[in-house]
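With the hints as extra help, turn the sequences into a complete structure.
This is what each chain is made of:
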Amino acid sequence: MSRPDRGPSILRFAAPQNFYPLAGRLAPWFAGAAALLTLAGLWLSFFVAPTDATQGEVYRVIFIHVPAAWMSMFVYLVMAFWSAVGLVMNTRLSFLMSQALAPTGAMFCVVALWTGALWGKPTWGTYWVWDARLTSQALLLFLYLGFIALTRAIEDPRRADRAGAIIALVGAVNVPVIYFSVKWWNTLHQGASVSLTKAPSMATTMLAGMLVMAVAAWAYTLAVVLWRVRSMILERERHTEWVGAELMREALRQGGRA
Amino acid sequence: MLSAFFAVLRRDLLLAWRGRADVLVTLAFFVIVVCLFPFGVGAEANLLRTIAPGVLWVAALLACLLSLHRLFAQDHADGTLEQLLLSSEPAVLWVTAKVLAFWLTTGLPVVVVAPVLGMLLDLEQGAYPALVISLVLGTPILALLGAVGAALTLGLRGGGMLLALLVLPLFVPVLIFGAGAVEAELSGTGATAHLLLLGGGLAGALALAPWACVAALRVSTE
Amino acid sequence: MQWESWSAFWNMGGAGFFVWGSYGLTFALVALELVLVFQRRKDTVNRLLRWRKAVGRNGSGVGAGKESPGESRAIP
Chain A
1 MSRPDRGPSI
11 LRFAAPQNFY
21 PLAGRLAPWF
31 AGAAALLTLA
41 GLWLSFFVAP
51 TDATQGEVYR
61 VIFIHVPAAW
71 MSMFVYLVMA
81 FWSAVGLVMN
91 TRLSFLMSQA
101 LAPTGAMFCV
111 VALWTGALWG
121 KPTWGTYWVW
131 DARLTSQALL
141 LFLYLGFIAL
151 TRAIEDPRRA
161 DRAGAIIALV
171 GAVNVPVIYF
181 SVKWWNTLHQ
191 GASVSLTKAP
201 SMATTMLAGM
211 LVMAVAAWAY
221 TLAVVLWRVR
231 SMILERERHT
241 EWVGAELMRE
251 ALRQGGRA
Chain B
1 MLSAFFAVLR
11 RDLLLAWRGR
21 ADVLVTLAFF
31 VIVVCLFPFG
41 VGAEANLLRT
51 IAPGVLWVAA
61 LLACLLSLHR
71 LFAQDHADGT
81 LEQLLLSSEP
91 AVLWVTAKVL
101 AFWLTTGLPV
111 VVVAPVLGML
121 LDLEQGAYPA
131 LVISLVLGTP
141 ILALLGAVGA
151 ALTLGLRGGG
161 MLLALLVLPL
171 FVPVLIFGAG
181 AVEAELSGTG
191 ATAHLLLLGG
201 GLAGALALAP
211 WACVAALRVS
221 TE
Chain C
1 MQWESWSAFW
11 NMGGAGFFVW
21 GSYGLTFALV
31 ALELVLVFQR
41 RKDTVNRLLR
51 WRKAVGRNGS
61 GVGAGKESPG
71 ESRAIP
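Chains as they are written, first to last, in the numbering used here: chain A, 1 to 258; chain B, 1 to 222; chain C, 1 to 76.
In short, the hints are calculated from the structure, not lab data.
Note that the coordinates shown come from a computational prediction; the quantities given were computed from them, not determined experimentally.
Hints should not be assumed to be uniformly reliable.
Unchecked claim - Here are the simulated lysine to aspartate or glutamate pairs, DMTMM-like style, with alpha carbons at most 25 Å apart:
id	chain 1	residue 1	chain 2	residue 2
1	C	42	A	52
2	A	121	A	52
3	C	53	A	155
4	C	53	A	235
5	C	53	A	250
6	C	42	A	156
7	C	53	A	156
8	C	42	A	155
9	C	42	A	241
10	C	53	A	52
11	C	42	A	235
12	C	53	C	43
Said to hold, decoys possible - With the Cβ distance kept under 8 Å, some of the chain C side facing chain A (calculated, not the full set):
id	residue
13	12
14	30
15	34
16	35
17	37
18	48
As the list claims (entries may be wrong) - Stretch by stretch, here's where chain A covers chain B in the computed footprint (C-beta under 8 Å, at least three residues):
id	stretch
19	27–39
20	175–182
21	203–217
Using N, Cα and C, we set each Cβ at its ideal position, and we do this for glycine too.
Written as structure tokens, this is what we have:
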């Protein structure tokens, strides 16, 4: 099962037993960075960024709304990337990465939809409009849910990996099609009653707050995905010696149960 | 090479002919779904006329979705699928043949019946060509995309709901342009742009979906 | 500093419900995800430890009647 080390090359970390400790070492740093950046971002969002001239205070939702929407799309792309890598290079770790990313991507999708609704109510007077962006965001959430449901419905891990990878790639090809079709449909049906695209000229501090929160979301995603993938690696590699050793170490750490 | 294509096509059509009841069930489903709408939204002619394109398209989409599981299930159960995958014939060809046979036995009947149902909903006369052409171009896309989902969920417990969750988001663009074509015809802007986009979508789906479908079948049967 | 008082801060110019509703759910979801991820880690380790005990001491005894430790199907 385990592959021999291939020297100091970066490919070494494609082997689960090498990646596992690396992920364990890196994740706390990303988590710490995420916490610090979130604090800095919140401070910028609430105490530095000025009140918006047209929207008042409610615009402060964008400091999580926009980063969450960015992340939800970006995470899907990364998922599709790892799926493609897995299918082409036949690396088990890539499939695990794409499956570890999915719940976090779906979480950001929910956050983007929820904050969008709460922002929409005072701004447009309704929680939901069939706006191109909101609608595509909802469809993206369904793509995530489909991926998660499919990979969980299949018992055989090998089949689950590959089937998930295929549907992730099919979805990734379709995301732009979906977005443009929804946009086209939206302009035909709704006219220009609601325009999210015309961003009001944004103060630099507002932009800074948004960017810091976006970087925080990145760091958070990295941390939580690395933690999650560690559990998945243990599960998948449970037949190997190194997982046995790792489990023994973990048992000792927990206070000598085993 | 094409002989494999036609052999599979002929076989699937023959099987469909022997199991005519399945095709009729799909059609009956299509008709019933459309007939439910007046009960739900009220029988006011103006309202029905407005929602007719969308209703017909959604019903066609659901009819296609519900018959998708038939596409590979039988062949999977009796081992034909594995034999086909092991054969030296290019898999993309016979997968395309199977999807074509599927469309001929479910999509085409829906296309034929749709204008009749359009009359029930008092769809305006001028919209019928757009309705038929949009369905002719759109339902094959549904079959092609659906085939990938059907291949991925092959033999899974609860595969039906899973299949719906997987493919419905992918169906949305087809629905938008399909129903949009009819509405554009009604509103006087003309359906050409929609139909061209549907045609482009069909070409794209025809070029990509069979490959994805073959990959999915290999994953699901190994 | 642009807030006259804490109550003005919480009020958010009348949009307190929408702003704090957004931030509240976001951080609740983040916290939930973190809890679930650590829970999953603990579950996996404990389950695999039990499983290895069942299949044999050194852990290489795969296939000794119990191939799978029982899949965890929790979302995280």
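Status of the hints after comparison with the structure:
{"no.": "1", "hint": "42/C / 52/A", "result": "violated, 46 Å"}
{"no.": "2", "hint": "121/A / 52/A", "result": "holds, 17 Å"}
{"no.": "3", "hint": "53/C / 155/A", "result": "holds, 23 Å"}
{"no.": "4", "hint": "53/C / 235/A", "result": "holds, 15 Å"}
{"no.": "5", "hint": "53/C / 250/A", "result": "holds, 14 Å"}
{"no.": "6", "hint": "42/C / 156/A", "result": "holds, 23 Å"}
{"no.": "7", "hint": "53/C / 156/A", "result": "holds, 23 Å"}
{"no.": "8", "hint": "42/C / 155/A", "result": "holds, 22 Å"}
{"no.": "9", "hint": "42/C / 241/A", "result": "holds, 20 Å"}
{"no.": "10", "hint": "53/C / 52/A", "result": "violated, 62 Å"}
{"no.": "11", "hint": "42/C / 235/A", "result": "holds, 12 Å"}
{"no.": "12", "hint": "53/C / 43/C", "result": "holds, 15 Å"}
{"no.": "13", "hint": "12", "result": "holds, 4 Å"}
{"no.": "14", "hint": "30", "result": "holds, 7 Å"}
{"no.": "15", "hint": "34", "result": "holds, 7 Å"}
{"no.": "16", "hint": "35", "result": "violated, 11 Å"}
{"no.": "17", "hint": "37", "result": "holds, 5 Å"}
{"no.": "18", "hint": "48", "result": "holds, 5 Å"}
{"no.": "19", "hint": "27–39", "result": "violated (count 0)"}
{"no.": "20", "hint": "175–182", "result": "holds (count 3)"}
{"no.": "21", "hint": "203–217", "result": "holds (count 4)"}
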